[in-house]
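*Asks:* One-letter residues, chain by chain:
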Amino acid sequence: MSAEPKEKQSFLKGLGAMLKGMSITFKYLFKPAITVSYPEEKRKIAPRFKGKHWLRLHPDGMERCVGCLACMEVCPSQAILVVPADNPADKPISKAKKYSADFQINYLRCIFDGACEEACPVDAIILSTSYELSGYSREELIYRKDRLNEPNPGASGIDVNWSRRPVPAPKSATPAGAAPTPAAAPKTTVPATPATPATPGTAKPSPTGAPTPTGVTPAVSVTPVVAKPATTSPTTAPQPSAPATAAATPKPAAPVPTTPSASSAKLTEGESPKA
Amino acid sequence: MGPQHPSTHGVLRFILELDGEYIVKCKPDVGFLHTGVEKQSEFRIFHQVFTLINRLDYLSGPQEEMGYALAVENLLGVDVPKRAQYLRVLLCELSRIASHLVWLGTGALEVNMSSIFMYCMRDREMILDIFEHLSGARFFPRYWRIGGLAWDVNEDWLKQVKAFLDVFHDHWKEFHELVTENPIWRQRAKGIAKLTLEDCLDYSLTGPIIRGCGEPYDLRKVFPYSSYQDFEFTVPTQTAGDAYARYLVRMEEMNQSWKIARQALERLPEGLVKVEDTKIAPGALPRPWGKNASVMVADKRITSAPLREGIKIPEGESYHAIESSRGELGFYLVSDGSNKPYRVGLRTPSFMAVQALPKVIEGSLISDAVVAIASFDPVLGDVDR
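Listed in order, the protein sequences are those of chains A and B.
Numbers 620 to 894, taken from our numbering, label the letters of the first sequence in order.
Numbers 63 to 447, taken from our numbering, label the letters of the second sequence in order.
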């Protein structure tokens, strides 16, 4: 009942095709293996990879999250729970009227699509490149602030400027580390905010040392470098490679570069949503 | 057979009535992956639906996003910038290659050719890396936005795509050499799962299946969308209508996709990747770093508003179909003027393919049924939805 008679192929032709196929597979015998033996050896992760979240801190150790619930609204899988509360007057936790008293991310629900990061108005929540999230129980996979907050400012090693953003963006990149980058942040070990009991060993410090992976955005990693020549010689700064100066050139009237880098760093810290 | 059978490409179950080795009767049992996407979409705002839609056909997420975005943009009546259209085409073609590579690898694995499976996965891995570099996710990029794309690409990424396209054609030739003339493959695939053009029309089969029966029906040519008319490519057809013909069609499609992707990369125009209207596309403005922070905050509140509060889509209904790697993928969308869709109807190509499977399986050997399923290339997320 098998439908059709099988087609006839000349024996020699078939043999030739077989030998050709075998020669290809044989060729691969001498090529290096393309597989990665995972737990020992790790694949190179793209810098934009969307993995575990971090709640970022201001350079002075205060929390960025202002409890606006934008991430909670926007999450397509309802994985986030934020309980906002009024900032205590004597000991503010964030730089706005409110802060997040409780912040939970349910990694059993999270689909890592990055909507929270995109909606966050203060760039408080950000997705990092760490992806090894597993646990033995349901409770273990509901992360709270003790595991989500950065242990110290910039510890996540993630900078909003390069993470999932249009990278060259010459217009938005302004000089002198105006962006609150962890690179620009001083390496002061500010004690964690009162709401966060000093993060336990679970929060691994991730690749902190290198603030920005190379090659992705020169804009951020060179900011301190760019700021200095700008201060010393405000008139002559035609560094073609630095995008920051390139951004400054279109509007020469603005005498921005005279500000020393220290004050601009202070400006960064002063940045706050309606304090 | 199934739902855990390794050759059913997912959780597809067949109730088979056998006479020795021959299949007398066959009834597909679907629904193991039912997640209620259509209904769930009614409770998500328009931008959130992307996350559900691209999980339908999990082998070609970008194409699903494309179809849905086009259906919504149809209702809104917005024109997407040319750069976004070209990038969309580029990504869709890359994902078509990736999807066909899975089909080729697993299809060959079905007849015990295991090395080509590894080679296919190697190339597919390169494409997934490209997606990861661009959007941060490998399978489900969620890179589409209503009115364009999420963010612009960078030089690094373009280089990565170019590097892939440079090597892929040689790899594709290797696949041909490995499989096409192989006598075992020919004996297993020729004359198996034969369909006529009338059958295709009866079961409303599209994509590589109808093209394997001689009908050059390709939505990219018939109803060009997203600037497909700008690219030169041919629609491969075969007349035999069997598994081998479908194999040849898909192989040639990979080549054509490679050509389109190269053209899109070479001719990629400058400009924006989304419409400038911040009420439609989230994050449309570059962020004013260094200005007053409160301005920045207010700005981001505004630019992310479509994501958070949703877009009010005008009342009406629209249907938009795209040529996915499996055939015509249609989105029927009804809006009642709110920020959530009133109804999302899906026309998924795999569903039709599974319907037609009993016709070709009944009367064949069990081992041929395996090849028949592979040649239809159903994705069960797409069937059960």
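These are calculated hints, taken from the structure and not from any lab test.
In this text, all values refer to a predicted model and were calculated from it rather than measured experimentally.
One thing to keep in mind: the hints can contain errors.
[Claimed, not checked] Only part of the chain B face toward chain A is listed, based on derived beta-carbon distances under 10 Å:
no.: 1; residue: His109
no.: 2; residue: Glu172
no.: 3; residue: Val173
no.: 4; residue: Met175
no.: 5; residue: Ile178
no.: 6; residue: Asp191
no.: 7; residue: Ala199
no.: 8; residue: Glu239
no.: 9; residue: Trp247
no.: 10; residue: Val297
no.: 11; residue: Pro298
no.: 12; residue: Thr299
no.: 13; residue: Ser366
no.: 14; residue: Arg370
no.: 15; residue: Lys374
For glycine and all other residues, C-beta sits at the position ideal for the given N, C-alpha and C.
*Asks:* Look at each hint and say if it fits the structure.
*Replies:* Quick rundown of the hints versus the structure:
no.	hint	in the structure
1	His109	8 Å, holds
2	Glu172	17 Å, violated
3	Val173	13 Å, violated
4	Met175	9 Å, holds
5	Ile178	9 Å, holds
6	Asp191	7 Å, holds
7	Ala199	6 Å, holds
8	Glu239	6 Å, holds
9	Trp247	9 Å, holds
10	Val297	25 Å, violated
11	Pro298	21 Å, violated
12	Thr299	20 Å, violated
13	Ser366	4 Å, holds
14	Arg370	5 Å, holds
15	Lys374	16 Å, violated
Of the hints listed earlier, those the structure fails to meet are numbers 2, 3, 10, 11, 12, 15, in rising order.
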